[in-house]
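Asker: As you go down the protein sequences, you meet chains A and B in turn. When we follow my numbering, the leftmost residue of the first sequence carries the number 281, and every step to the right adds one. When we follow my numbering, the leftmost residue of the second sequence carries the number 281, and every step to the right adds one.
Calculated directly from the structure, the hints in this document are not laboratory data. No experiment lies behind these values; they were computed from the predicted model shown. Please note that the accuracy of each hint is not assured.
Claimed, not checked - Stretch by stretch, here's where chain B covers chain A in the computed footprint (C-beta under 8 Å, at least three residues):
{"hint": "1", "stretch": "410 to 422"}
{"hint": "2", "stretch": "580 to 590"}
{"hint": "3", "stretch": "601 to 607"}
{"hint": "4", "stretch": "615 to 621"}
Where is the CB? At the ideal position from N, CA and C, for every residue including glycine.
2 protein chains.
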Amino acid sequence: MKAIELSAEWHPKQGFKLGNKDIKGRLTYLGSQVWKNPRVTLSEKDKPQIKPHEVLIEVKQCGICGSDVHMAQTDDEGYIYYPGLTAFPVILGHEFAGRITECGERAINKRTNKPFEVGEPVTVEEMVWCGECRPCCDGYPNHCERLQEIGFSIDGAYAKYISVPAKLCWSLNRLKHTYSDIYKIGSLVEPTSVAYNAVIERGGGIKPGENAVILGGGPIGIAAAKILKTAGAAICIVSEPEENRSNLAKKMGADYIINPEKENFVEKVKEYTDNEGAALYLEATGLPHVVTDDIQNTIWECKAVNSTVVIVARAEQRMPVCGEYFQVRRAKLIGAQGHSGHGTFPNVINAMSAGMDMTPMITKEISLEEVPNYLELLQSDKQHCKISIKIP
Amino acid sequence: MKAIELSAEWHPKQGFKLGNKDIKGRLTYLGSQVWKNPRVTLSEKDKPQIKPHEVLIEVKQCGICGSDVHMAQTDDEGYIYYPGLTAFPVILGHEFAGRITECGERAINKRTNKPFEVGEPVTVEEMVWCGECRPCCDGYPNHCERLQEIGFSIDGAYAKYISVPAKLCWSLNRLKHTYSDIYKIGSLVEPTSVAYNAVIERGGGIKPGENAVILGGGPIGIAAAKILKTAGAAICIVSEPEENRSNLAKKMGADYIINPEKENFVEKVKEYTDNEGAALYLEATGLPHVVTDDIQNTIWECKAVNSTVVIVARAEQRMPVCGEYFQVRRAKLIGAQGHSGHGTFPNVINAMSAGMDMTPMITKEISLEEVPNYLELLQSDKQHCKISIKIP
Numbered sequence: 281m282k283a284i285e286l287s288a289e290w291h292p293k294q295g296f297k298l299g300n301k302d303i304k305g306r307l308t309y310l311g312s313q314v315w316k317n318p319r320v321t322l323s324e325k326d327k328p329q330i331k332p333h334e335v336l337i338e339v340k341q342c343g344i345c346g347s348d349v350h351m352a353q354t355d356d357e358g359y360i361y362y363p364g365l366t367a368f369p370v371i372l373g374h375e376f377a378g379r380i381t382e383c384g385e386r387a388i389n390k391r392t393n394k395p396f397e398v399g400e401p402v403t404v405e406e407m408v409w410c411g412e413c414r415p416c417c418d419g420y421p422n423h424c425e426r427l428q429e430i431g432f433s434i435d436g437a438y439a440k441y442i443s444v445p446a447k448l449c450w451s452l453n454r455l456k457h458t459y460s461d462i463y464k465i466g467s468l469v470e471p472t473s474v475a476y477n478a479v480i481e482r483g484g485g486i487k488p489g490e491n492a493v494i495l496g497g498g499p500i501g502i503a504a505a506k507i508l509k510t511a512g513a514a515i516c517i518v519s520e521p522e523e524n525r526s527n528l529a530k531k532m533g534a535d536y537i538i539n540p541e542k543e544n545f546v547e548k549v550k551e552y553t554d555n556e557g558a559a560l561y562l563e564a565t566g567l568p569h570v571v572t573d574d575i576q577n578t579i580w581e582c583k584a585v586n587s588t589v590v591i592v593a594r595a596e597q598r599m600p601v602c603g604e605y606f607q608v609r610r611a612k613l614i615g616a617q618g619h620s621g622h623g624t625f626p627n628v629i630n631a632m633s634a635g636m637d638m639t640p641m642i643t644k645e646i647s648l649e650e651v652p653n654y655l656e657l658l659q660s661d662k663q664h665c666k667i668s669i670k671i672p
Numbered sequence: 281m282k283a284i285e286l287s288a289e290w291h292p293k294q295g296f297k298l299g300n301k302d303i304k305g306r307l308t309y310l311g312s313q314v315w316k317n318p319r320v321t322l323s324e325k326d327k328p329q330i331k332p333h334e335v336l337i338e339v340k341q342c343g344i345c346g347s348d349v350h351m352a353q354t355d356d357e358g359y360i361y362y363p364g365l366t367a368f369p370v371i372l373g374h375e376f377a378g379r380i381t382e383c384g385e386r387a388i389n390k391r392t393n394k395p396f397e398v399g400e401p402v403t404v405e406e407m408v409w410c411g412e413c414r415p416c417c418d419g420y421p422n423h424c425e426r427l428q429e430i431g432f433s434i435d436g437a438y439a440k441y442i443s444v445p446a447k448l449c450w451s452l453n454r455l456k457h458t459y460s461d462i463y464k465i466g467s468l469v470e471p472t473s474v475a476y477n478a479v480i481e482r483g484g485g486i487k488p489g490e491n492a493v494i495l496g497g498g499p500i501g502i503a504a505a506k507i508l509k510t511a512g513a514a515i516c517i518v519s520e521p522e523e524n525r526s527n528l529a530k531k532m533g534a535d536y537i538i539n540p541e542k543e544n545f546v547e548k549v550k551e552y553t554d555n556e557g558a559a560l561y562l563e564a565t566g567l568p569h570v571v572t573d574d575i576q577n578t579i580w581e582c583k584a585v586n587s588t589v590v591i592v593a594r595a596e597q598r599m600p601v602c603g604e605y606f607q608v609r610r611a612k613l614i615g616a617q618g619h620s621g622h623g624t625f626p627n628v629i630n631a632m633s634a635g636m637d638m639t640p641m642i643t644k645e646i647s648l649e650e651v652p653n654y655l656e657l658l659q660s661d662k663q664h665c666k667i668s669i670k671i672p
């Protein structure tokens, strides 16, 4: 079968120490410290075999994620941008939907609580949580201590077929009533679930009639805007300088857009919310050292108490948090990671079924053969929201 | 009647602007920017008059709070240390218990839902929340927008009598079964409630068997240790360099003490908790720029997910928060302020009645006449935990 594979050279930076879960020459939790000179190729690979608890999926659609781009993108020294868990060579791709074509004998369908059958349309969690470590047994699969990641450390879905543990699969059956192309909308369940985990599970959501402010109009920020409007946000504001992304954010439900490079963020939030501010602020820019003051000054100057600040974008920079503001305004700051557990995938699918249409996020569809070119193009392009691969 | 009164001169610093709730020459929300040359005197004052919704209380015992000391303490230019809401001259004192001697006709006792009667032993919230602004009507009296504070902006309890709104009073009747001196333990309800609001109401408490780490062994930190042990903390660690405070923390239930000036905080928490870390961290030092890294490095290196960091000590310094740590460890950071609402005062009284004895926190009892001397002594002394005034 055809597949998009990423290879790179194991060249640890000076001072890098092999972590206790790293495997020399093969796997690391600190990708950008180790991998050099990535190459993305269209390769011919064997069709995967399945184990008794697995299913084989014929991939129909798979989105390109920023992290796919960052695994292929290098700094001046040739090291990859992506800082996390990686094992190369690997087939990329983790935002996918497809049709089950083979079922292991112990592969259970959570929709029916019976063994999976050929033909079931599914999407799949990207996080391969073990189910056996302390966080997994406590109900926190996003914090699995023995995690593998599809399309990062084990083969992903930029391919005709993929085998995955059945426990990670969620049926898309219900979407048939609402969408003509269930695989297109199904490929958006994973990124939507990252936003849902951030604002609903970790952030505690909002009450209908409350306001929300989202910093950053990338796929996660835009998905969050749609989710929060679905949850009844009275006013949802997205802060984003890029015009295409701003337009898409409006299309997806944002009531107001702030251009933080041209407008005063604090004053605009005050204006649009009649000085009330927001119940929930989502940091989805990856620039916490830049936007933390905007967020906490807005909380300080607006009337709302009880605001929640959710940090979903990953960044190493410290945030200069003023505890006094969080005391006087009864506020809190919460870290969000992952998309598994807590009913998130099935809730997202059900919300989509009830009309939460995320498909406008897909701004272009391409073929598998075009992926290497687009992984390069996307290193500078900010016009697109989500480019998605259709596999015939 | 005899009372301890603080006067000071209204001398705004250069650049100070009168806030929209400030009253020139009389009241400000930014005490240290305005008040100069404080004088503490034992004065002869009129016995207060009561309004229909108020009661008159004969004060029996009143603790000295750090903020009382900071209102009397000055910087090099002669400005007071205390930065908050103040209106001078004022009778100091807000951690008190006493006996009702006069009742307004509309003064309701929450214990009976009937009018207060002479003789009822009570303690009183320090925060005079209005009950009419948006946060009050939403159920967040600690964030009242029209707040007055007993012993700061209106007359306090370093006096023979005080008049207060009945809605701020909580009966100490129930403590009679457990304590011979209900006014002594009753005078500790207010500071204990500040700690309770921080770790239980705002921090969400702990589950029995979880661990807690408290940074700072002042009265709030020590009260928090006792509360968290009462809530079933398996291991409660207090970080505190002063020997007297450490000993008291142990007496009040702390299982381990860390001396952060001599020991490695992160390594000691790991050692004492078998690398698990804590469900709850309380910042009660007022030095967030110093201890934030200790807290988040501990969260990062220990196994526990879901840790909550509660900020109760006031400080202007920024905290260098690393969002990544809060994401990977599913952690959150919460600001805590006040002691009113949410069942806090009655829960504290009931917990005391059931055996949560805070009286060892009182390390010395003095007379009203001795207060001016002790307000000066306490500017340098760190030997004592709580000095308390007995009024015969």
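Asker: Each of the hints needs a verdict: does it hold here or not?
Answerer: Here is how each hint holds up against the structure:
no.: 1; hint: 410 to 422; result: holds (count 5)
no.: 2; hint: 580 to 590; result: holds (count 3)
no.: 3; hint: 601 to 607; result: holds (count 7)
no.: 4; hint: 615 to 621; result: holds (count 3)
Comparing the model with each numbered hint stated earlier shows that all of them hold.
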